[in-house]
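Order-wise, the sequence lines are chains A and B. Counting in the numbering used here, the first sequence runs from 143 upward without gaps. Counting in the numbering used here, the second sequence runs from 43 upward without gaps.
Wrong hints could be hidden among the right ones.
[Said to hold, decoys possible] Under the rule of at most 27 Å between Cα atoms (straight-line distance), these lysine-lysine pairs were calculated in the DSSO-like manner: (1) K107(B) with K160(A); (2) K156(B) with K240(B); (3) K271(B) with K154(B); (4) K444(A) with K156(B); (5) K440(A) with K154(B); (6) K149(A) with K160(A); (7) K223(A) with K440(A); (8) K247(B) with K154(B); (9) K156(B) with K162(A); (10) K440(A) with K228(B); (11) K247(B) with K228(B); (12) K228(B) with K240(B); (13) K253(A) with K156(B); (14) K154(B) with K149(A); (15) K162(A) with K149(A); (16) K271(B) with K162(A); (17) K156(B) with K271(B); (18) K154(B) with K160(A); (19) K155(A) with K156(B); (20) K155(A) with K154(B); (21) K160(A) with K240(B); (22) K155(A) with K247(B); (23) K271(B) with K160(A); (24) K228(B) with K156(B); (25) K154(B) with K240(B); (26) K162(A) with K107(B); (27) K154(B) with K444(A); (28) K156(B) with K149(A); (29) K160(A) with K228(B); (30) K240(B) with K162(A).
If you're looking for bench data, these hints aren't it; they were derived computationally from the structure. For clarity, every value in this text was computed on a predicted model and none was experimentally measured.
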Amino acid sequence: MNALSIKRLRYIKGELAKNKHALVLLAPFFILFFTFTVIPVFMSVVLSFTYFNMLEMPRWVGWDNYARLFVADDVFLIALKNTFLFAFITGPISYIACFLFAWLINELPPKVRAVLTLILYAPSIAGNTYLIWQTLFSSDSYGYMNSFLIKWGFILEPIQWLQDPRYMLPILMMVQLWLSLGTSFLAFIAGLQNVDRSLYEAGAIDGIRNRWQELWFITLPAMRPQLMFGAVIQITSAFAVAEISIYMIGFPSVDYAAHTIVTHLVDYGTIRFQMGYASAIATILFAIMMGTNMITQKLLRKVGE
Amino acid sequence: MALKFLLKKRLNRSWSVDILLFLLLAGVAAFMSLPLVYTINRAFMPLDEIFAFPPRFIVRNPSFKNFTDLVNIFSDSWVPFSRYVFNTFFIAIVGTTGHVIIASAAAYSLAKAKFPFRNALFSLVVMSLMFTPYVTQVPNYMTISWLGLINTYWAILLPAFASTLGLYLMKQFMEQIPDALIEAAKIDGATEYRIFWKIVMPIVKPAWMTLIIFSLQSLWTNGSVTSHKYIYSEQLRTVDAVFGQIASGGIARTGPVAAVTLLMMSVPIIVFIVTQSRVIQTMSTSGLKE
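Excised from the complex, chain A in its bound form:
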């Protein structure tokens, strides 16, 4: 047993020595990555088993934080429900939209393509663009939406769009979708540039007759690495939604109707200073995202088969 593990160690050492250049290229990134990402994440997971108010030393409480989240915290359950609703509606739609628009744009001549890419990406560039939506959905009868609906006789008096729990979540989803042609959209556009053109001609000879077959049998499989990247990005942005809720609806939202896991975390982490509890929330969100990611990656492997 002992001899075996020594042999194994020696083998690993040999392999690492053979790839010395690879380690040199890796080192700068991974030293920084461990210092600023891995260690803090690890610390946070450990803190999730403690009571930590940032003034006293953390006190070990075991699974208490997790038990409290699921048994005693009704608001967390609302946040959980909202986050799932949000992720499972906006996630897939925006993922497909990102790909579809990247693909359509790719068919255009270069200059038109550049202009359209800029325009579609604009909401992501412009930074804080929630103001437009606030004007559109403002609660008085002069807000664009209300004045339009009153003028055409759909409603008699203005609707409190951003204060009424019935409308908050759908409006947030709309804004999120509008903002969603971001990172994965650009990655897809770059990915389409990397697909070998000669594949399409070869495909045409092999009997591909229309653009949909071309998409399924050639483009999508050739872009699998980018599709997997896009999936991770979409999952993280769909589950971690918080900022648009805070800016558009306010924090906390009326009846917690737009409360999400991350706003719950912000509440406990930066307002109540219960870092242990906030870390537990983050760890659960992390577990949910990992699960979703595993399922998605499995599905993506089937693309083009």
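Use these hints to put chain B onto chain A, whose structure you have.
Quick look at chain B alone, frame taken from chain A:
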């Protein structure tokens, strides 16, 4: 040129679907252009139009007053404005260059070298993307202060160098490069470093051009968010931190704030236009076959 494109008969394409799809695209584009139109119009609105009720979207009497007001505000500031501009550009340029090089180098190793633990390392990178940064702020502050980086550019630059998104993006692109090409270069006597820099990097140009956009945009617009945590000296602050201070001046400063928003937006847009045109120019995989 556009006409020639329309007349060209293309493989596997039908006219009717083409027209339908591009009408859809035009509709979406109109909707997505709202923030650009809004920001540009608002920057040129005189104060009475900004506060007009019902709110206006399109400017009627455009003026430059918001911009001249802005200049007046800056002339009072005790740190010269040029210093803020320097800080911003310094952080954005050094941060982006460092990140693209460091992340690409690591990505090349992960994608093409075969050594133990490389899958574990990559999984760690993907997993870290799924951990919300809100709770790592406290440990991060502790690390940065322990390293003695508080109140230096490094507090912003070092974490930016190792942003995980870039490594992941580059690795996915480098995986598409055929191994045969790298083997051929090795047989010709190129060192690994040379292969990385002279062969692999040019092929994945669309990827790192895209990465430049992401990196610059986040350093440019989130500068103040991170710098508020680690930087206390006014000398080291960035432009958007100053703009944030103007914005907090309240209603009286609404005009200049609108001008500021346009200025802040224009830099990422210019970078975007320059880099995107380069992404599109490269027909990178031509001549590369297994």
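Item to check | Agreement of K155(A) and K247(B) with the hint, judged by alpha carbon distance not exceeding 27 Å | outcome: Judged against 27 Å, a Cα distance of about 34 Å means the pair is violated.
Next on the checklist: Run the distance test for K223(A) versus K440(A): straight-line Cα separation, threshold 27 Å.
Outcome noted: This hinted pair holds, its Cα atoms lying about 25 Å apart.
Checklist entry - Does K149(A) lie within 27 Å of K154(B) when you go C-alpha to C-alpha? => result Given pair K154(B), K149(A) holds - Cα atoms ~26 Å apart, limit 27 Å.
Checklist entry - Given the hinted pair K155(A) and K156(B), is their alpha-carbon gap at most 27 Å? => result The given pair, whose Cα atoms are some 13 Å apart, holds under the 27 Å limit.
Next on the checklist: For K154(B) and K240(B), compute the direct alpha-carbon distance and say whether it is at most 27 Å.
Outcome noted: Status holds; Cα separation ~15 Å.
Checklist entry - Quick one, are K162(A) and K107(B) close enough, alpha carbons at most 27 Å? => result violated, 61 Å
Checklist entry - Does the structure keep K149(A) and K160(A) at a Cα separation of 27 Å or less? => result Distance ~17 Å between K149(A) and K160(A) Cα, so the pair holds.
Checklist entry - When you check the alpha-carbon spacing of K271(B) and K162(A), does it fall within 27 Å? => result violated, 38 Å
Checklist entry - Would the pair K156(B) and K149(A) pass a check requiring their Cα atoms to be no farther apart than 27 Å? => result holds, 19 Å
Checklist entry - Keeping to a limit of 27 Å between CA atoms, is the pair of K107(B) and K160(A) held or broken? => result Violated, at roughly 65 Å.
Checklist entry - Taking 27 Å as the top limit, are the C-alpha atoms of K247(B) and K228(B) close enough? => result holds, 21 Å
Checklist entry - Would the pair K228(B) and K240(B) pass a check requiring their Cα atoms to be no farther apart than 27 Å? => result holds, 12 Å
Comparing the model with each numbered hint stated earlier shows that hints 1, 3, 10, 13, 16, 17, 22, 23, 26 do not hold.
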